[in-house]
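> Chains as they are written, first to last, in the working numbering: chain C, -3 to 89; chain B, 241 to 447.
By construction, these hints were calculated from the structure, which means they are not laboratory data. Check before you lean on any hint, since a few could be wrong.
Said to hold, decoys possible - In silico lysine-lysine, DSSO-like type, Cα no more than 27 Å apart, as pairs:
| hint | chain 1 | residue 1 | chain 2 | residue 2 |
| --- | --- | --- | --- | --- |
| 1 | C | Lys1 | C | Lys41 |
| 2 | C | Lys45 | B | Lys277 |
| 3 | C | Lys45 | B | Lys273 |
Claimed, not checked - Quick list of the computed label-pair ranges, beta carbon to beta carbon:
| hint | chain 1 | residue 1 | chain 2 | residue 2 | range |
| --- | --- | --- | --- | --- | --- |
| 4 | C | Glu18 | B | Ala359 | 41 to 49 Å |
| 5 | C | Ser71 | B | Lys439 | 54 to 62 Å |
| 6 | C | Asn25 | B | Glu380 | 32 to 40 Å |
| 7 | C | Cys0 | B | Gly262 | 35 to 43 Å |
| 8 | B | Gln371 | C | His60 | 16 to 24 Å |
| 9 | C | Cys30 | B | His306 | 49 to 57 Å |
| 10 | C | His60 | B | Thr413 | 19 to 27 Å |
| 11 | B | Gly262 | C | Glu18 | 21 to 29 Å |
| 12 | C | Arg20 | B | Gly262 | 35 to 43 Å |
| 13 | B | Asn251 | C | Asn25 | 24 to 32 Å |
| 14 | B | Glu380 | C | Pro54 | 48 to 56 Å |
| 15 | B | Lys334 | C | Arg20 | 28 to 36 Å |
| 16 | C | Lys1 | B | Thr413 | 20 to 28 Å |
| 17 | B | Thr413 | C | Arg20 | 40 to 48 Å |
C-beta atoms are modelled at their ideal positions from N, C-alpha and C, and glycine is treated no differently.
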Amino acid sequence: MITCKRFLEELGAFLDEQTAPELRKELENHLSECPNCWVVTDTTKKTIKVYKGMDPYPISGELHNKLLLALTRVSRREKPEVPTDSVSTEAEA
Amino acid sequence: MASITSQAGFNETPLVTKARQGDLAAFTQLVEKYEGKIFRLARHITNSQEDAEDVLQETFLKAYEHLGEFQGNSKFYTWIVRIAVNESLMKLRKRKSDRSVSLDEQIDTGEDVIAREIAVWEDNPEDQYSQSELREILDEAVKSLPPIFRSVFVLRDIEELSSEETAEILNLTVPAVKSRLLRARLKLREKLTRYFKRKGDDIFDYL
């Protein structure tokens, strides 16, 4: 017998379809009998869907051109216009 | 380097190979393919237009300068996402108001997952708003998440990376990614309920 608390703990795996078949069946049984968990599941699915449907942020022509100009300078071994606080080395991992 | 096709059939390998040989035109094609996604990721994690613009530039400059270090074991896109996430988190750490931002910080990891607000949503809740209104609503909700939840959610559910890729990029374990993703999803669901619930439905206490 799946409780609401247990159902919510398994919700992530359930939404990503990563639960074992037997557990999935138990979770689906709980869903069919528990309106609250059904609503949470449905609205969480919709949350994911609405974010996935977002378009990427528009990039202005000015920003795009600034990036290409900086890249051109780097490619010519000229000093690029990198902001002065850019000191990261972690990214090279 | 194995040929890797990603992003709906886009085969980046020939472009990466050419770019590694110093072909700027090839690298520019990679920039044009991914700049929107990298900017979106940086905008979400930093919550700042200005910082996201810096991160965008720093990410591609670093990627170009360090292309020789890209081994080709992962997708090029995953590699630049890793750079962008590091740059974004560094921006957050440098803000005085966000001194405590750290991937290692102790946070509520969601052992006790709860849902407080229960209300049925419209079938296509996004249709109730214009694109700009919707973006504002969704951005505000993401902004309310702690940085680590935000990063996990953005990588998994917006950029659609796997749990394993997300764990590698954020230096977390896969179970930690899954736990934080669930918490992030539930927190966002609660934030969005006030905008997306079906008109006339009552919210009632739960659990």
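> For each hint, tell me whether it holds in the structure or not.
So, going through the hints one by one against the coordinates:
1. Annotation: proposed proximity of C/Lys1 to C/Lys41 holds, straight-line Cα distance about 18 Å (limit 27 Å).
2. Between C/Lys45 and B/Lys277, the direct Cα distance comes to roughly 17 Å. Compliance with the 27 Å bound is thereby established for this hinted pair.
3. Straight-line distance between C-alpha atoms of C/Lys45 and B/Lys273 comes to about 23 Å, which keeps the hinted pair within the 27 Å bound.
4. Range check, C/Glu18 to B/Ala359: about 31 Å between beta-carbon atoms, so the 41 to 49 Å window is missed.
5. Take C/Ser71 and B/Lys439: their Cβ atoms lie about 56 Å apart, and the range 54 to 62 Å holds.
6. Judged by the Cβ atoms, the range 32 to 40 Å given for C/Asn25 and B/Glu380 holds: they are separated by roughly 37 Å.
7. The beta-carbon spacing between C/Cys0 and B/Gly262, approximately 59 Å, falls outside the hinted interval of 35 to 43 Å.
8. A C-beta distance of roughly 21 Å is found between B/Gln371 and C/His60, which places it inside the suggested range of 16 to 24 Å.
9. At about 51 Å, the CB distance of C/Cys30 to B/His306 agrees with the hint of 49 to 57 Å.
10. Distance hint for C/His60 and B/Thr413: a CB-CB separation of about 37 Å, inconsistent with the stated range 19 to 27 Å.
11. A hinted range of 21 to 29 Å is violated for the C-beta pair B/Gly262 and C/Glu18, which are about 55 Å apart.
12. For the hinted restraint 35 to 43 Å between C/Arg20 and B/Gly262, the CB-CB distance of approximately 51 Å leaves it violated.
13. For B/Asn251 and C/Asn25, the Cβ-Cβ distance of about 44 Å falls outside the hinted range of 24 to 32 Å, so the restraint is violated.
14. Remark: the range hint 48 to 56 Å for B/Glu380 to C/Pro54 is contradicted by a beta-carbon distance near 19 Å.
15. Between B/Lys334 and C/Arg20 the Cβ separation comes to about 45 Å, which falls outside the hinted range of 28 to 36 Å.
16. In this structure the hint that C/Lys1 and B/Thr413 lie 20 to 28 Å apart at CB holds, the actual value being about 23 Å.
17. Restraint check, B/Thr413 to C/Arg20: a C-beta distance of roughly 24 Å breaks the suggested window 40 to 48 Å.
Hint check: violations occur at hints 4, 7, 10, 11, 12, 13, 14, 15, 17; the rest are consistent with the structure.
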